[in-house]
Amino acid sequence: MCEFKTYETAWCPGCGNFSILQCLKTALEELKKDPYEVLMVGGIGQAAKTPQYISANSFCGLHGRSLPAAVAAKIANEKLTVIVDTGDGDSYGEGGNHFIHNIRRNVGITHFVHDNQIYGLTKGQASPTTSEGQITGVQVTGSVNTPLNPVLMAIAAGAGFVARAFSGDTKHLTEIMKQAITYPGYAIVDILQPCVTFNKVNTYAYYKSRVYHLEEDYDSSNKLEAMERAMEFDDRIPIGVLYQEQKQTFHQKNIVLAGREPLVERQRDSTVIKQLMNEFV
Amino acid sequence: MYNILVGGAAGQGIDTTVANLEVLLKKAGYYVFTIKDFMSRVRGGHNFSLIRFGNEIITSHSNELDGMIALDDDTVELHKQNLKQDGFILCDTKLTTTDPKAIKLNMGGMAKELGNVRVSGSIAIGVILKLFGIATDHVEETMKNLVKEAYLDMNVKAVRLGYESVETRFSITPGNFSDWMIISGSKSLALGAIAAGIKFYSAYPMSPSTAIMEYLASKSVEADFVVEQAEDEIAAINMAIGASYAGARAMTGTSGGGFCLKVEALGLSGIAEIPLVAVNVQRPGPATGLPTRTEQSDLKFVISAAQGEFPRMVIALRNHKDAFYQTIRAFDITEKYQIPVIILSDQYLGDSTATVEPFDISNIKIANPSNDEYKEGEYLRYQLTENGISPRLIPGKSRNFVSVDSDEHDERGFITESADVRNQMMDKRMKKLELLREELLEPEFFGEENCETLFLGWGSTYGPIAEAVSILNEDEPGKYGALSFGDVYPLPTKLLMEKASKAKQIVNIEQNATGQLKDLIREQTGILCTGSILKYDGRQISGEEIVEKIRKGGQK
Ligand SMILES: Cc1ncc(C[n+]2csc(CCOP(=O)(O)OP(=O)(O)O)c2C)c(N)n1
Ligand code: SF4
Chain A
2 MCEFKTYETA WCPGCGNFSI LQCLKTALEE LKKDPYEVLM VGGIGQAAKT
52 PQYISANSFC GLHGRSLPAA VAAKIANEKL TVIVDTGDGD SYGEGGNHFI
102 HNIRRNVGIT HFVHDNQIYG LTKGQASPTT SEGQITGVQV TGSVNTPLNP
152 VLMAIAAGAG FVARAFSGDT KHLTEIMKQA ITYPGYAIVD ILQPCVTFNK
202 VNTYAYYKSR VYHLEEDYDS SNKLEAMERA MEFDDRIPIG VLYQEQKQTF
252 HQKNIVLAGR EPLVERQRDS TVIKQLMNEF V
Chain B
11 MYNILVGGAA GQGIDTTVAN LEVLLKKAGY YVFTIKDFMS RVRGGHNFSL
61 IRFGNEIITS HSNELDGMIA LDDDTVELHK QNLKQDGFIL CDTKLTTTDP
111 KAIKLNMGGM AKELGNVRVS GSIAIGVILK LFGIATDHVE ETMKNLVKEA
161 YLDMNVKAVR LGYESVETRF SITPGNFSDW MIISGSKSLA LGAIAAGIKF
211 YSAYPMSPST AIMEYLASKS VEADFVVEQA EDEIAAINMA IGASYAGARA
261 MTGTSGGGFC LKVEALGLSG IAEIPLVAVN VQRPGPATGL PTRTEQSDLK
311 FVISAAQGEF PRMVIALRNH KDAFYQTIRA FDITEKYQIP VIILSDQYLG
361 DSTATVEPFD ISNIKIANPS NDEYKEGEYL RYQLTENGIS PRLIPGKSRN
411 FVSVDSDEHD ERGFITESAD VRNQMMDKRM KKLELLREEL LEPEFFGEEN
461 CETLFLGWGS TYGPIAEAVS ILNEDEPGKY GALSFGDVYP LPTKLLMEKA
511 SKAKQIVNIE QNATGQLKDL IREQTGILCT GSILKYDGRQ ISGEEIVEKI
561 RKGGQK
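Chain order of the listed sequences is A and B.
First residue of the first sequence? That's 2 in our numbering, and the numbers climb one at a time after it.
First residue of the second sequence? That's 11 in our numbering, and the numbers climb one at a time after it.
In short, the hints are calculated from the structure, not lab data.
Backbone N, C-alpha and C fix where the C-beta goes; we use that ideal spot for every residue, glycine too.
Among the clues, some could well be false.
[As the list claims (entries may be wrong)] Computed footprint of chain A on chain B; a stretch qualifies when at least three of its residues, placed anywhere within it, have a C-beta under 8 Å from a C-beta of chain A:
id, stretch
1, 158-169
2, 237-247
[Stated by the list, open to error] Beyond 12 Å from chain B on every Cβ pair, some chain A residues (computed):
id, residue
3, Lys-26
4, Pro-148
5, Tyr-208
6, Ser-221
7, Asp-236
8, Asn-255
9, Arg-261
10, Glu-280
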């Protein structure tokens, strides 16, 4: 049995990040992933430190830039299980452009977003998902911007696996994580994560009184229904796999990659270079 | 040596005519050197190419014309003052010019009769071959590779028709260049990357760097690597870093403004010690500047781009041959030292084509990216070593974890704020510079050993300076010499100190407004230039222009 060790963290006691880390470990172990073939990728932020706290390969890059690094690592070596584990500011703010475009690319990576609806590491400014009217150290009279709905956006942009989960519901979260990791294309899970230090609005109690599991007979292949449920984000918040569809992955569509050994295992062929040179003679 | 201009509006087929003509000239044995001057628009405007050919190596363009193919009246008006006494203007009868130098032919009509107006370019090519007395026995064979089979016959006929329409005016014996290659700087760079075993290239389109991406994309299936058009330059460089971390040789390319966006990730490559080759095909700035024109004004920017301090190397490409071999070297150095290597090219070099000896790939060794044997024990990605280089493993290839971080980190790759570890890690990274210094290539010297006047240049002014030095030395034997830098950062100083100590005058020749190399040299060596020739109008300086400036005492 493979074991994923954890290391000492720098998170505040009671933070929602702890259970996400624990669920991730359990999910990987239950999926019998070999730690040496797992690559954890983060950007910058509190959530983005998760890759450092788990015994696997880790790449902590720049704020907002975890997706491009992660997809390219997967392009280079398909054998790696690549998981991006990072915050909502990182994923939807600084990294918003990459978020949209990597949905289009559909490289087979998993994206866990610790959505605490606030910037934690920089001490509590509004994030793209902060509720309208919420007062922060910068949004001193209350945030006036419409919060982004990441799951709705992901479905609209064409993502093949879109889920929402809650860090306070660990059994459910672990299950969703396992499904996301085994999904062949790009899978996004927006995880509601209470920041006990800076977000006094979206607390454990706030989420607990609102979240409910999508029904047993919910049809996750119905896009319109999925969008409707994705928009449900007030008194009641559905959690589970909102939308799922089988789509061709980047590796299947790219003819250099399709059905071949990983790029990193291929040797350069000098006869090809000679041929290419001849075209200029 | 002869020099002809092909000019017209964008979309009139200048590129095809020029591409075909240069191959035909080269196949006939001539050395060919072509530059492109075009506007940032898809249709209309005024674009031209200068094709210079002869029986010896040519390193610079020239603005003095032996003739021109004018596709519109503007071309005649704009360039006729550059025609030599016996120069000609080849154009269609539909042009209004009454210039006595004009050779007016009903090329449009002739082409229509052959079945397609587009073959008028081939008629013009036939005319040129005849005017310069160039034999046509190779035309059919060569055209096979240049035009689609269905149009081959028509084009060969068109060349012959043009050939029969005029009398020979000039003559020049061909050289021995028919077996050499004719290639643009950007394609040569791309070919170098392929020879170096590139596995991943990511970029966002930006003139004039796009030619690299286009060429690589066109060969990616054949040569087995992935080219990805990123959503922006930031993604492009972070992708290249991600791929490189995972063990694929990776490169990213752009031009000035795109490089600005990549700067933070350049530092990521620096602190995370992930190999990366980053190309900047310079164009005039700031901001969007002159998109399709040339300049060398990013030197100071790229040597200091990104916050903080970390070792890096900057290689400026001097010519088409360099573009190939130095790109391979860039991959080797980035792999060996785990530092970012920046290649500086520019529009002049990237878009110009030159005749080069087929590249020798027999000695290229592709270093194994990872130390695969390292298997036992806890692996330390950032192990403190004597020379600063830590053993690099590829994730997933052994049972060790490979942990990298953009934050300051300990030997394992985990975040730290310890003052001691910070010092150790900074020292470890900076130590690599000492080793790197031993690898530097001294600038290339040409001209007279004990010259009175020493020119200093870098990158693509290599060719024009070389031509200027040889013209000037013919007039005033023994007076001129030049050093052209390829490795610019770290700056090799040995030969510079030696030559500078003997020269009476030191003149830097650069395509920028401030003399960036001059400043760098002063900063690093204390050597002062006594004069400068600077050009920053977006057009490359030619050998002849340098000569003229020197004769007039035009250096500032
Ligand atoms: C380019 C850049 N801009 C800004 C920052 C500062 N910064 C670090 S983390 C962060 C926001 C973190 O928010 P989020 O991603 O939601 O993560 P959390 O800390 O809440 O888990 C910011 C703005 C940075 N490191 N880099
Ligand atoms: S600041 Fe918020 S998100 Fe960060 S560790 Fe503390 S509670 Fe968690």
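How the hints compare with the structure:
As drawn, the stretch 158-169 of chain B meets chain A at 0 residues by the rule of a beta-carbon pair under 8 Å; below three, the given contact is violated. With 7 residues having a beta carbon nearer than 8 Å to a beta carbon of chain A, the stretch 237-247 of chain B meets the requirement of three or more and the stated coverage holds. Taking the minimum C-beta to C-beta distance to chain B, about 15 Å, the non-interface status of Lys-26/A holds against the 12 Å cut. For Pro-148/A, the non-interface assignment is confirmed: its Cβ lies about 23 Å from the closest Cβ of chain B, beyond the 12 Å cut-off.
At the 12 Å boundary, the C-beta of Tyr-208/A stays outside the reach of chain B, the nearest C-beta of that chain being 29 Å off. Separation of Ser-221/A from chain B is adequate, the least Cβ-Cβ distance of about 28 Å exceeding the 12 Å criterion. The claim that Asp-236/A is not at the interface with chain B holds, since no C-beta of that chain comes within 12 Å of its own (minimum 36 Å). Not every C-beta of chain B lies more than 12 Å from that of Asn-255/A, the closest at about 7 Å, which undercuts listing it as non-interface.
For Arg-261/A, the shortest C-beta to C-beta distance to chain B comes to about 9 Å, within the 12 Å cut-off, and the non-interface label is violated. Residue placement check: Glu-280/A does not keep its beta carbon more than 12 Å from all beta carbons of chain B (closest about 8 Å).
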